[in-house]
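Participant: Spelled out, the chains give:
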Amino acid sequence: MKKRIYNKGEECHMSDLIKGQKALVTGLHGDNLALRRRLLDMGVTTGVEVFIKKIAPMGDPVDIEIRGYELCIRKSDMRNIDVKVI
Amino acid sequence: MRIALVGNQNSGKSTLFNTMTGDNQKIGNWPGVTIDRKEGTVKGTNHTIVDLPGIYSLSPYTSEEEISRNFVFEERPDLIINIVDATSIERSLYLTTQLLELDCKVILALNMSDLLEKKSLVIDEEKLSSLLHTSVVKISALKGSGIDELIKLIDEGRILDNPHKKIYQEDLEEAIEDIAKGLEMVHSRFVSVKLLENDVKFASLQSKDIEAKRHQLEQKYNSDIEEIIANQRYEYVVEVKKQCVVKKEYKETITDKLDKVFLNKWAALPIFVVIMFAIYFLAVGVVGSATVDFVDGLVGKFSDFMSEWLASVNASPWAVSLVVDGIIAGVGAVLNFVPQLIILFICICLLETTGYMSRIAFFLDRLFKKFGLSGKSLIPFIVGSGCAVPGIMSTRTIEDEDEKRMTIMLAPFIPCSAKLPIIALFAGFFFDRYNGLVSASLYFLAVVTILISALIMKKFFFKGDSSAFISELPEYKLPNLKYLLRDVWDKTFSFIKRAGTIILLCSVIIWFTLSFSWKFQYGVDVEDSILASIGKCLSWIFYPMLGELSWGATVSAIQGLVAKEQVVSSMAVIAGLADDVTEGALIFSQTGIFGFFNPASAYAFMVFNLFSAPCFGAIGAMRRELGTTKKTLIAVAFQTGVAWILGCIVFGIGSLIMLL
Ligand SMILES: Nc1nc2c(ncn2[C@@H]2O[C@H](COP(=O)(O)OP(=O)(O)O)[C@@H](O)[C@H]2O)c(=O)[nH]1
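Chains as they are written, first to last, in the numbering used here: chain A, 1 to 86; chain S, 1 to 660.
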C-alpha cells in the first residue's frame, strides 16, 4: 500500500508525516495518561512546531526536531498526536 | 548549606558535580531505591551538594521525578542549582518554571556555554536573570569556566530571592493564588498547582472548591488541566527565550552530518556491528587475553616469592598453605583480569558519553520491539557487559512496564566482566587455537538466548501491547578525558576492592573447609574435607552436563552466587590444594581433580555459569527494580532453569561431536 502524503494545510496524525515535513501540533489524545503527560513535559503541546528530521534505518522510531532539540518517538505513540501540515 | 543539583538528562550534571566537588564525594543509595545517591562537599567550602537524578519535570510519573520531589519536600535543601543546557534552552526552562514555584532559592547554571558560539547562539544572561528574578551564571562544566564564579556566588550568599514570578494567564494565576492562600505549608504555590492538576500525591488536600476551579478552567480552555498548565508554562518560556536568546543563522550541525552516516539506512547496522566487534576484540579477544597472560605471570612470580620467603622465616606449613594456596591463588585468579576490565570499562564509557549509545537505542528499537523489548533495552545489555548491577539500574529509562521487567530479567544473561575470567579460563585451555571463536560464540549464544526467552515471555507472561519510547537524541560530544579516567577508575577500583574483601574472605573459607575435616583435623586428604562432603551431596545436579560427579565443580558453581569470578578462584584453590599446583593452566592437569573436563563439558559448564542466577549483588538490584521478592525468585529460577537446560543440551551435542 502506498503511503498517502498529506499536503500543506491538511490535518493528520503525526505518524503520517514523512521525513522533511513540518507541522503544528493541534492536540493530544489517547488514554495513557502517563505517556500523555510525558509528551507534554517534553514540549509536545498544542501549537508547537515539529519537523520530521531523521527516521531510524528500520523505519521506526522517528526523530523529530521540537523546541530546539531532538526527540525520538515511536510511530505508535505518534498516532496519539494530531497535527496540521505547514 | 545543603545544595541540590537538578537538571535534565545529559545537561552535564555529573560533569558539574565532579568539577564542583573534586574528590570529596561519596556514593550511597536513595532510601528504598537503587539509584545512586551522590553527595559531596563543594571545593573550598563546607557546603554539601547532592546530585539528583536527571529529570524533565516534577510530575509524579517516573521514579526519578518522585525521588527528586521527595528530596525537595523531605530534606529541604537550602538552595537548588538548576543546571541548564544552554544550547537547548526552551525545553530546559520548562523544568525551571516548576523549580521556581518551590519555596527555595534557585541558581540557574547555564551549562555548555562553550558550545554557544559554534551553534551561533547568543544568550543575554543578565536579561534572563531579570526576567526570571533569579541568579544566572554561565558555565562550562567541561572546560571549567564560570565554576569559581558559581561557587563564589553560593559561598557569599549573593543569590537573588525567588519571588514566585507570575507566569500563567490571569484566570489560572488567580485560581492558583486562591488555593495557595488556603494552604499553610511550605511550597504552597507548587502544591497549589499540583492540586489543580489533581496530582495523586496530594490527594488528601483536595477539596470541592479546587475541583470546581479545575472544572471551570477546563471548560474555558476546552482542554484538560495538565495540558493547559503545560501549554502556559511553555508559552512563558518561549516569551522569555525570545527576549534573551538570539540565533544568528542556521547551519547544519556536526551532529546532523555524523548522523547521516551513523543513522544511515544501510550503514547503521554494519557500523554498529563493527564497533561492537572492535570492543569485543579489544576487551575479550586478542588484546585482552594478552594482558591477562602478562598479569598471570606477575602473580605467579609473587606467589613463588611469598612461599620462599615464608619458608625462610620458618612459617608453619599451614600458614604457607593459607597464603599461597588460599589467598594468592584465589585473589590472584581474579586480579588477572583487571587490565581486561579496564579496556571494557573504557569502551562502555566512550559509548555512553559520546552519545552513540542513544543512537543504538534509537535505530534498534524497531527490531527489539518485535521481541517485546525496547531499543532502550540495549543500554542495559551493553552496560551489563561491564556489570549487571548498573545495567539493571539503567532499565529505569524504559517507559513501558512490561518491556522494563523483561529487560531486568534478561540483562543478567549478558556475560558481565566478572564472568570473563570463567570464559578466559575454560576457552583458553580447552579450545586453544579457537579460543577467540569460542568466547565470541558465547556472546552470540547470550544474545540468541535473550531474544528467544523474550519471545517466550512475551507469549506467555507479558501480553500487554501498549508501549512507548520517548527519548531525547542528544548531540554527539567529544569524550572528556578526565571524566573517562575517573569513571573507569571508580569501576575498576570497586572490582579490586571486591577481590580484596569478598573474594579474599571466600578464598580463606574455602581453603579452611578444604584443609580441615569435620573433626577439625588439619592436613586431611581433600576428598575427606568439609567442602568435599558438601559438594558430594549436590554433585548429581551437574552430572548431566559434566558426565562426572564432581564435588569440586559443584561447590565452585554455587559460589558463583557470591561473585561470578569466585568460580575461578574456587577452582584454583581446590586444584591447588588437591594437586599441589598454583598456576592457572595447571588447574586442568590430566591427573588432577578437574582432569575429567573435556571440551564438551567445559563448554557446558561455562554456559551454566554464564546464564544461571547472577551474583547476589545483581539479584539485589533485580529485587529492587522488580519490586517484589516473589517476582525476583521467579526471575532467578527462570534464569537458572534456562542455564541448566542449555548446559545439558550443550554437553549432549558436544559429546556427540567429540565421538565423531
Ligand atoms: N562541550 C561541553 N560538553 C559538556 C559540558 N558539560 C558536560 N558536557 C558533556 O555532555 C555529556 C553529558 O554530560 P553528563 O555530565 O554525563 O550529563 P548528565 O547526564 O546530566 O549527568 C558528556 O559527554 C559531557 O562530556 C560543557 O560544559 N561543555
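Read the hints as simulated data drawn from the structure, not as lab findings.
Even glycine gets a Cβ: it sits at the ideal position worked out from N, Cα and C.
Heads up, some of the hints might be wrong.
Claimed, not checked - Quick list of in silico lysine to aspartate or glutamate cross-link-like pairs, EDC-like style, CA-CA up to 16 Å:
no., chain 1, residue 1, chain 2, residue 2
1, A, 53, S, 252
2, S, 477, S, 239
3, A, 53, S, 472
4, S, 251, A, 65
5, S, 166, S, 156
6, S, 138, S, 148
7, S, 105, S, 117
8, A, 19, S, 256
9, S, 105, S, 156
10, S, 166, S, 239
11, S, 248, S, 156
12, A, 53, S, 256
13, S, 247, S, 117
As the list claims (entries may be wrong) - Per label pair, the in silico range of CB-to-CB distance:
no., chain 1, residue 1, chain 2, residue 2, range
14, A, 9, S, 143, 42 to 52 Å
15, S, 257, A, 13, 26 to 36 Å
16, A, 13, S, 44, 51 to 61 Å
17, A, 65, S, 544, 55 to 65 Å
18, A, 10, S, 273, 33 to 43 Å
Participant: For a quick check of understanding: which of the numbered hints are violated here, in increasing order?
Facilitator: 2, 5, 7 and 11
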